[in-house]
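Spelled out from the first residue to the last, the chains are:
There are 2 protein chains.
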Amino acid sequence: MKESAIRTRILEVASRLFYKQGYNSTGINQIIEEASIARGSLYNHFPSKRDLLTAYIQNMEEFSFQEWNTLLEPIKDPKQKLLKLFDIAMLRQTRSEFGGCAFIKIASEIPCDDLVAFDLVYHQKKATKTYMENLITQINIENPQSVDKEIVANTIFLLMEGAMVTATIAKNNQALIDAKKIAESLL
Amino acid sequence: MKESAIRTRILEVASRLFYKQGYNSTGINQIIEEASIARGSLYNHFPSKRDLLTAYIQNMEEFSFQEWNTLLEPIKDPKQKLLKLFDIAMLRQTRSEFGGCAFIKIASEIPCDDLVAFDLVYHQKKATKTYMENLITQINIENPQSVDKEIVANTIFLLMEGAMVTATIAKNNQALIDAKKIAESLL
DNA sequence: GTCTATAGCTGGATAGAC
DNA sequence: GTCTATCCAGCTATAGAC
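For the protein sequence lines, the chains are A and B, in the order given. In short: position in the first sequence from 1, add 1, done, that's this note's numbering. In short: position in the second sequence from 1, add 1, done, that's this note's numbering.
It is worth saying that the hints were derived from the structure and are not from the lab.
Because identical chains share one entry, a pair is satisfied inside a single copy or across any pair of copies.
Each computed BS3-like pair below joins lysine-lysine, with the alpha-carbon atoms no more than 25 angstroms apart: (1) Lys21 / Lys50; (2) Lys80 / Lys130; (3) Lys150 / Lys182; (4) Lys182 / Lys80; (5) Lys77 / Lys182; (6) Lys77 / Lys130; (7) Lys130 / Lys182; (8) Lys172 / Lys182; (9) Lys127 / Lys182; (10) Lys150 / Lys82; (11) Lys80 / Lys127; (12) Lys82 / Lys127; (13) Lys82 / Lys130; (14) Lys85 / Lys127.
Kindly produce the complete structure, drawing on both the sequences and the hints.
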């Protein structure tokens, strides 16, 4: 479909600006200008700015897990897969100039009445934890009783979250390097 | 000084609104209305909204450490002091209806060019980690070689950060309960 | 479906009376 | 140093031509 090309461009530009400048600091005017489309076209595809936010979060979640799958696919050892998640987090932080986790950012600034966006963020975090749990289950299958699955999954998830926000505030990857080492010692 | 009474009221109202609604979502109009003061009075005490933000962050940091000192003072065992920090985090989350860490929120939404605010957030996080390190040093003095100071401090700090953001997104204290248990097992 | 023009409002900040 | 009146730029969203 030709019509979805413009939709894609709108969403790409909006995503970049929402992430870099923040949702509230990004106006419709800037989006239409940088996407080189007209005001009416935007509202034709997205009835409101909030719909654009919803699409942004859903799109980010899909992209995030796709990238994980792609980059983890060549690795065979589930323990190395799990540790690779920290490398990917560092990669993302470096290429975004320490912009931080998009979902945490959105959760921090969305209007308190936007429950839809909040639920999408919650969903992403839950799926992330499940993703980690599945990797740990594979570790357990290959090497039974090597780790206490539930506690390790909890610990590594919380370490990752903490390291992401810390790396963002410190503007360097040290916290992620530390978190990876700690995670390694648990497995 | 009588004059600082109105300044205090402005800062109180602004702080409440910045935390609850977000900095970008809170307008000057709402602040002056809820503080029942005139536009000019606000700009007399705070030359710009950004100065109000700076004062908010500094004030929050001071309050945060004061509360820690007060609530930890009755406890003698340094290990119990450290674990108490998780209880205080739960207390704060409950009383703010899971509003999250004020400093992480601000770091997520401030304009990218406001380096002053960003540095203040960085300063607070560094001070928080130092606070934890000092408690762990005391544990080591009472019970030498019980823990590897540097790694434990890193781990507990990252767990706390991760648990705070997770509790905020999940709107319950489970992550902080989990993090406390993990921290306890490390000490 | 894409465009321009504009409505209707609210943002931060300033000027000047008192 | 506290007030009111006001400026102007920005916002989201809509109307109607093409």
